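Q: Sequence:
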Amino acid sequence: TTYTLGSTTNIGYTGLANGNYTFKVKAMDWAGNIDQTEATYSFTVDTTPPSTTISTNPSSPDGVNGWYKTAPIITLTPDEIAATFYSWDSISSIITYTVPFTAFEGNHTLYYYSVDSANNTETMKNQVFNVDTRVKDVPSSSNNGSGGGDGGGSPAPSIQSTTPTGKIKGRIISTSGLAV
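To convert, note that position 22 of the sequence shown is 22 in my numbering; the numbers rise steadily by one, no gaps.
If you're looking for bench data, these hints aren't it; they were derived computationally from the structure.
Computed from a predicted model, the values in this text were never measured in an experiment.
Just so you know, even glycine gets a beta-carbon here, dropped at the ideal spot from N, CA and C.
Misleading hints may appear alongside valid ones.
Claimed, not checked - Listed next, with one range per pair, are the computed distances between beta-carbon atoms:
#1 Gly19 to Phe101: 41 to 51 Å
#2 Val99 to Glu38: 39 to 49 Å
#3 Asn65 to Thr102: 14 to 24 Å
#4 Asn33 to Ala118: 54 to 64 Å
#5 Ile91 to Met28: 50 to 60 Å
#6 Ile73 to Ser51: 39 to 49 Å
Could you build all of it, start to finish, from the sequences and the hints given here?
A: What follows is the structure, encoded as structure tokens:
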């Protein structure tokens with residue numbers, strides 16, 4: 001396409017689709033002499049924000065009821081070159097993501113998003129992490145004939161399992177000899 005411009009006229013383009021473009025210009029003076037040196041300007045139209053995916057190791061909760069018993073290592077990956085940001089439990093203290101990090105102990109919400117080089121900002125995403133690395137399964141105790149923990153021959157308490165919150169789940173079979 002050829003356009004003739006005066007000294008103060010600009011041409012604007014609207015509605016360009018996302019992609020790479022090169023604008024090429026040759027100058028022509030009033031006598032019709034065309035400058036054979038072409039001026040070029042390359043640019044990219046990018047109106048799409050990045051999309052960040054989250055992955056963890058382990059890849060899913062390894063405890064019960066959606067809890068991790070191994071603190072997950074979190075990796076945030078944008079789908080294009082972008083700066084990625086995250087925050088725990090609120091959006092007031094934003095941290096720039098640089099390397100994978102480990103989730104905190106307890107119940108926490110991770111907020112994250114990315115911004116590309118055209119300043120397109122992804123809508124903030126979030127994911128809840130329930131982490132309890134302190135709880136371990138406790139085997140059941142039984143009276144094997146040698147007596148319980150009180151030294152008096154009474155059966156020891158039976159502990160069946162624990163929950164992600166660290167509370168004992170089960171029943172006490174005998175409390176004899178236990179200081180309550």
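Q: Hint by hint, note whether the structure agrees.
A: Taking the hints in turn, this is what the structure says about them:
Checked against the hint of 41 to 51 Å, the C-beta distance between Gly19 and Phe101 comes to roughly 35 Å, which is inconsistent with it. Here the CB-CB span from Val99 to Glu38 is close to 45 Å, well matched to the stated 39 to 49 Å. Judged by the Cβ atoms, the range 14 to 24 Å given for Asn65 and Thr102 holds: they are separated by roughly 21 Å. Distance hint check: the CB atoms of Asn33 and Ala118 are about 39 Å apart, inconsistent with the given range 54 to 64 Å.
Hint check: Ile91 to Met28, Cβ distance near 55 Å, so the stated range 50 to 60 Å holds. Between Ile73 and Ser51 the beta carbons are some 21 Å apart, a value that contradicts the proposed interval 39 to 49 Å.
Hint compliance for this structure: hints 1, 4, 6 are not met, and every other hint is.
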